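Novice: Okay, here's what each chain looks like letter by letter:
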Amino acid sequence: MNATAATLRIALVGNPNSGKTALFNRLTGSQQKVANYAGVTVERKEGRFVAPSGRVMQLLDLPGAYSLDAASPDEAITRDICEGRYPGEAVPDLIVCVADATNLRLHLRFVLEVKRLGRPLVLALNMMDAARKRGIRIDVGALEKALGIPVVETVAVQRGGAAALIERLDASVAPGPASVSAPVDSGAAATEANLHEQVRSMLAAAVTMPRATSAIDDAVDRVVLHPVGGLAILAVVMFLIFQAVFTWAAPVQDVITNGVTDLGVWVGGLLQSMPLLHSLVTDGLFAGLGTVLAFLPQILILFLFILMLEESGYLPRAAFLLDRMMFAAGLTGRSFIPLLSSFACAIPGIMATRSIQDPRDRLTTILVAPLMTCSARLPVYTLLIAAFIPRRTVLGLFNLQGVVLFVLYFAGVVSALAVAWVIKRMRSDKSEHALLMELPSYRLPNPRDVAIGLWERAKIFLRRVTGIILSLTVLLWFLSSFPAPPEGATQPAIDYSFAGVIGHWMTHVFAPIGFNWQICVALIPGLAAREVAVASLATVYAMSAADDAATAQLGATIASQWSLATALSLLAWYVFAPQCMSTLAVIRRETNSWRNVWISAGYLFGLAYLASLLTYQIARALT
Amino acid sequence: MLVQTLVISLAVAWASWFAAKRFLPVTSRRVQARVLASFDRSSSPDWLRDFARRTQPHSTSGGSCGDGCSACGGCAAAAAKPAVEAQPLVFRPRSKS
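These protein sequence lines are chains C and D, in that order.
Counting in the working numbering, the first sequence runs from 1 upward without gaps.
Counting in the working numbering, the second sequence runs from 1001 upward without gaps.
Since the hints were derived computationally from the structure, they do not count as laboratory data.
All figures in this text were calculated on a predicted structure; none of them were measured in a lab.
Careful, some of the hints might be misleading.
Unchecked claim - Reference excerpt, derived from the structure (chain C facing chain D, CB under 8 Å, subset only):
1. Leu-277
2. Leu-280
3. Gly-467
4. Ile-468
5. Ser-471
6. Leu-472
7. Val-474
8. Leu-475
9. Phe-478
10. Ile-524
11. Ala-528
12. Met-581
Glycine residues also receive a C-beta, built at the ideal position from the N, C-alpha and C atoms.
Just chain C, same shape as in the assembly (with noise of 0.2 Å):
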């Protein structure tokens, strides 16, 4: 094999929120997660692209670090990976290391820590389009010359933004077998302070800047990182969200249901002769899937949101903001992005808590994460509220559903913050309290990455329906039919049914909070994913209905059979429980502790438990 064919080993490296995974989607035609806020990336990330000449690319996205001296677990992946210490990976034949343009007196710094492992490495001076808009000029020439490796200038964002790179790359002749290498440190040189007085000298030699921030960051920041006023503009935000996600979602779940009740109606009548099958369509498939189908726009709208807030770099002036507030209950700051993430899935928010520094501040976030309202959730609450609760205005502008919708959310944050403050009352030790974060600036959510992460959003939960939500859903249908009842029955045939039995038998424990036995059945498989709690609701109830176009009205079954009581006892139950399986097993393996699971799941059951028995039997004496 010679020289040009053999595959390059390159690593990403650089401050966090420099640009990595953009540049690395860029490179690769990737379409890893980008946000403006530093700590998204926590994992190695693998992709390869073929560079003009044919020579194959193999690159690796490693987390942001502002040190090799690592601080906190992503930084110590991205750490051994350079020095070769990583179980498994051999040294990277390059390092390109990524600088933000218009910030190089921090992101240089890391450059030259870099530098001293001694191998072969190459500058990418990300987001050069912002640094000009600036008025920052920067003589790369000159920069070579003082560091003594190349620099290229990229624009993640822009199509053929990595030109020079990829050129500069193909242009590189891959060095020998790649040995461990100890960092070499040029001795008592090497010092941070003399690091700083390097980085200074250079800035000095080849970068011209107006000023140092963003007059425009500066003017927007005055507003919003106000002590009073940018705690209101941050709940307004959240509220607005909310409403939104009830007031514009309906016109298209209203398509979306009759569309699924029409043919579940029309597939129900070509097998009519086919009683066994007929019930297998119409009952299990169209019912439980078409019902959680019909959550999809509210998925979307609500991620809209998150994507746009998450693009903008507002979210790490949320963190700041609530700082003190989530200190007083024994978070951090930092505890910010991992929860906010966990409004999405609570997997990838306890897999963010890895830049989390302090292991007990961790711990208290890895534990009250799946409080967080997750998506998963939304078909859950948004059925029992368009159910229960009628869509009025209130103070002549705010959707009622909406407000009881940011209701539960809220609840959700505030009983994290109890929880978090009950771990910190319990905690021996203390945390020291110093959040140094870096702010970046603002920008305009791009409309292609928006829609990239609403289409990866739309394919994550269409996956789930055709996926876990089908096969559960069938297994259901299956338990709900089987064995027919006896000769001579009185009861509903599915009261015969396995499911029916195992029901039964759970309402003695849930009884006391209003649970029936249809909703009993529901919450096992709850278990492996909420959503499947309303498509197995709907199975439920349409084994029973009479006709067809009633299997796809679950909501309209529930509000006739329920109490409201019981329709709020099972609100309260899903801000707390049940967490489903992979949740536990990610904090099995993140905090490599049985224990840990067993407490999480202990005291969100019985949190979930005390909360319904509280709501079911006010709102009984009330009701």
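Chain D: place on chain C using the hints.
Specialist: Chain D in isolation, oriented as in the chain C frame:
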């Protein structure tokens, strides 16, 4: 009736296999490997042996859990163990100073 029974049996078998693969990834892979290995015997017809070899389960190489819910090949998989030593939480008492 026969067609109905066959279709429903297949649907339930697929659903069971899918759920097991999702929530018991290691066990289901082990069972799959064992069943397929029993097909790959010298006494088996060539087509069956070929099928058994081609459908032998590979080690997990799905996306990462960090990509989002359902993105990974099963978070409970043993293959997804911590990649670095520093990742699991290790508590060390702080000095009182």
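Novice: Checking hints one by one. Is Leu-472 of chain C an interface residue toward chain D, by the C-beta closer than 8 Å rule?
Specialist: Check passed: Cβ of Leu-472 of chain C comes within 6 Å of chain D, closer than 8 Å.
Novice: Is the interface hint satisfied for Ser-471 of chain C? The criterion is a beta-carbon contact with chain D at less than 8 Å.
Specialist: With a closest approach of 4 Å, the Ser-471 of chain C hint holds.
Novice: Was the hint right that Leu-475 of chain C lines chain D, CB cutoff 8 Å?
Specialist: At about 5 Å, which falls below the 8 Å cut-off, the nearest Cβ of chain D leaves the hint on Leu-475 of chain C intact, so it holds.
Novice: With a cut-off of 8 Å, does the beta carbon of Phe-478 of chain C approach a beta carbon of chain D closely enough for the hint to hold?
Specialist: holds, 5 Å
Novice: Identify whether the interface hint at Val-474 of chain C stands, where standing means a beta carbon of chain D within less than 8 Å of its own.
Specialist: Check passed: Cβ of Val-474 of chain C comes within 4 Å of chain D, closer than 8 Å.
Novice: Under 8 Å is the threshold here; is the Cβ of Ile-468 of chain C close enough to any Cβ of chain D for the hint to stand?
Specialist: Interface hint status for Ile-468 of chain C: holds (6 Å vs cutoff 8 Å).
Novice: Double-check Leu-277 of chain C for me: the hint is only fine if its C-beta lies closer than 8 Å to a C-beta in chain D.
Specialist: With a minimum Cβ separation of about 5 Å from chain D (threshold 8 Å), the hint on Leu-277 of chain C holds.
Novice: Using Cβ atoms only, decide whether Leu-280 of chain C comes closer than 8 Å to chain D, and label the hint accordingly.
Specialist: holds, 6 Å
Novice: When the nearest CB of chain D is found for Gly-467 of chain C, is that gap smaller than 8 Å?
Specialist: holds, 7 Å
Novice: Can you verify the interface hint for Ala-528 of chain C: is its Cβ closer than 8 Å to any Cβ in chain D?
Specialist: Because about 7 Å separates Ala-528 of chain C from the closest Cβ in chain D, which is inside the 8 Å limit, the hint holds.
Novice: Have a go at the Met-581 of chain C hint: is there a Cβ in chain D nearer than 8 Å to its own Cβ?
Specialist: holds, 6 Å
Novice: Less than 8 Å between beta-carbons is the criterion; does Ile-524 of chain C satisfy it with respect to chain D?
Specialist: violated, 12 Å
In this structure, the one hint that does not hold is number 10.
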